[in-house]
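Which chain is which? The protein sequence lines are A and B, in order. FYI, in the working numbering the residues of the first sequence are 1 to 278. FYI, in the working numbering the residues of the second sequence are 1 to 119.
Hints are computed from structural coordinates only; laboratory data are not their basis. Predicted model only: the values in this text are computed from it and were never measured. Don't be surprised by glycine CBs; every beta carbon is placed ideally from N, CA and C. Hints are supplied without guarantee of correctness; some may be wrong.
Claimed, not checked - From the derived model, a few chain A residues whose C-beta atoms are all more than 10 Å from chain B:
| # | residue |
| --- | --- |
| 1 | Ala29 |
| 2 | Thr38 |
| 3 | Leu243 |
To be verified - Ranges of calculated distance between the beta carbons of each label pair, as one might list FRET restraints:
| # | chain 1 | residue 1 | chain 2 | residue 2 | range |
| --- | --- | --- | --- | --- | --- |
| 4 | B | Leu75 | A | Thr39 | 23 to 29 Å |
| 5 | B | Ala104 | A | Glu156 | 42 to 48 Å |
| 6 | A | Glu163 | B | Arg21 | 46 to 52 Å |
| 7 | B | Arg41 | A | Asp128 | 55 to 61 Å |
| 8 | B | Arg21 | A | Thr39 | 53 to 59 Å |
| 9 | A | His76 | B | Thr48 | 27 to 33 Å |
| 10 | A | Arg70 | B | Gly46 | 19 to 25 Å |
| 11 | B | Arg80 | A | Asp128 | 20 to 26 Å |
| 12 | B | Leu8 | A | Val51 | 17 to 23 Å |
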Amino acid sequence: MEDLRTERKDRILAVRDLPTLPKVLDEVAKLVDRPDTTTEEVAKLISMDQVLSAKVLKMVNSPVYGFPGRISSIQHALVLLGFNVLRSIIVSTSVFEVMNENMVGLWEHSLGCATACGVIARMLGFKDTEEYSVAGLLHDLGKVVATVQLPDLKPEIEKAVAERDLSYLEAEREVLGFGHDRINAWLADYWKLPANIKEGISYHHKPHLAPLYPEMACVVHVSDFMMRLFEFGFSGDVGVPYLQPEALKHLKIKPVIFEKLLDQMCEQFVEITDLRFT
Amino acid sequence: MQKIPLNLARPGMVLAKPVSRSDGIAVAAAGTELSDSLLDRFDGMGVTHVVVEGEPVKLDGPPGATSFDKRLERLDFLFRKYANNDWMLQIRRLMEHYFRMRAAASAAKAQPAQESGDA
């Protein structure tokens, strides 16, 4: 059993094969590691990949992030968002590009979750709200990558969900030996995503256990719950996940605030319906 | 508030959000009441969707367009695994109350548009 798990982990982490992950990401990472690098240099390098730049700009200008006005250049985006967020956005556009037609629901779920994270973070007065949005966008990354890398096991997971009414996470754990939350942690290490985003995406099912950035994990957790409550998009199974009371307590969300959040969310749904980035 | 395809928009409905052309230039403000001529102009400019007050159109298709009535009906199924969990039942009641209020508010807002729209 242990061997099988390791083998599956290896297959998942063979994400080098992902056809859409831009080479420029590696080069940019190298550049950023050097202390004397300027924003202009990084922006110039990203801008060389025009398709990627267009996608990134479309994403940062979408209602998901809620920036007033238009961000018209990669350099502007870099100054506003910082490299860590931009890097996560590049990963998300690349990964979601390999999704096939029947994963559109997951894209919508992720987009909705990103929007909800932004709404919650702004309402609670957190700093750097884009980072919360990005964590929401990436929180089901593991599901996409598992589907792409282990296509033979996907039907088995779906069967367990359909026939025994397991949650998608329970089914993953049974079939793969680990859930997408674990895969998220591996991928975050592999793509060197920042620590807060890593915790946001790998602890979104158990946010109260997140060691360093519980508020990030809690925001993603509550957003995920809301998306499933509104059935916005399709995350793999139908039904709300258990809402951890600790998450609401940690974020100090009282029922009144919860209703306000729902109000804002309803407004945003209208904006993000039909958004496509591919 | 509801986002609807332009061909389902009817005179008498009220815009809940401004309408913009694809190049980003706004052509009608929120609060504007739709008329035949305005709808023709939108059509000519390539506008495909408008966002109107209330929920005047029964849409089943696109996500986020589901009415609050329908969300109420779904609660039983969505919370099916927590029938014996007091905490989740409490959350369920909160949601039920919320959706009920929103459904009532939507019905009240959509009424005038529906009357003139169906005529």
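Closest CB-CB distance from leucine 243 of chain A to chain B, is it above 10 Å? 6 Å, violated
State, for the Cβ atoms of arginine 41 of chain B and aspartate 128 of chain A, whether the hinted interval 55 to 61 Å holds or is violated. Roughly 42 Å apart at Cβ, these two residues miss the hinted range, so it is violated.
Consistency of beta-carbon spacing, arginine 21 of chain B to glutamate 163 of chain A, with hint 46 to 52 Å: 49 Å, holds
Lying within 42 to 48 Å: is that true of the beta-carbon distance alanine 104 of chain B to glutamate 156 of chain A? 45 Å, holds
Hint says 53 to 59 Å; check whether the CB-CB distance for arginine 21 of chain B and threonine 39 of chain A agrees. About 33 Å separates the Cβ atoms of arginine 21 of chain B and threonine 39 of chain A, which means 53 to 59 Å is violated.
State, for the Cβ atoms of histidine 76 of chain A and threonine 48 of chain B, whether the hinted interval 27 to 33 Å holds or is violated. Cβ of histidine 76 of chain A to Cβ of threonine 48 of chain B: about 29 Å, so the range 27 to 33 Å holds.
At 10 Å, judged by beta carbons, does alanine 29 of chain A keep clear of chain B as stated? Label holds. Min Cβ-Cβ 34 Å, cutoff 10 Å.
Quick one: are leucine 75 of chain B and threonine 39 of chain A within 23 to 29 Å, going by C-beta? For leucine 75 of chain B and threonine 39 of chain A the Cβ distance comes to about 49 Å; the hint is violated.
The hint says 19 to 25 Å between arginine 70 of chain A and glycine 46 of chain B; measuring C-beta to C-beta, is that right? Check passed, 20 Å falls within 19 to 25 Å.
Per the hint of 20 to 26 Å, is the separation of the Cβ atoms of arginine 80 of chain B and aspartate 128 of chain A within bounds? At 38 Å between Cβs, range violated.
17 to 23 Å was suggested as the range; check whether the CB atoms of leucine 8 of chain B and valine 51 of chain A agree with it. Given a distance of about 35 Å, which is not inside 17 to 23 Å, the answer is violated.
Just checking, threonine 38 of chain A versus chain B, shortest CB gap more than 10 Å? Fine: 31 Å to the nearest Cβ keeps threonine 38 of chain A off the interface.
Violated hints, listed in ascending order, are 3, 4, 7, 8, 11 and 12; each of the other numbered hints is respected by the structure.
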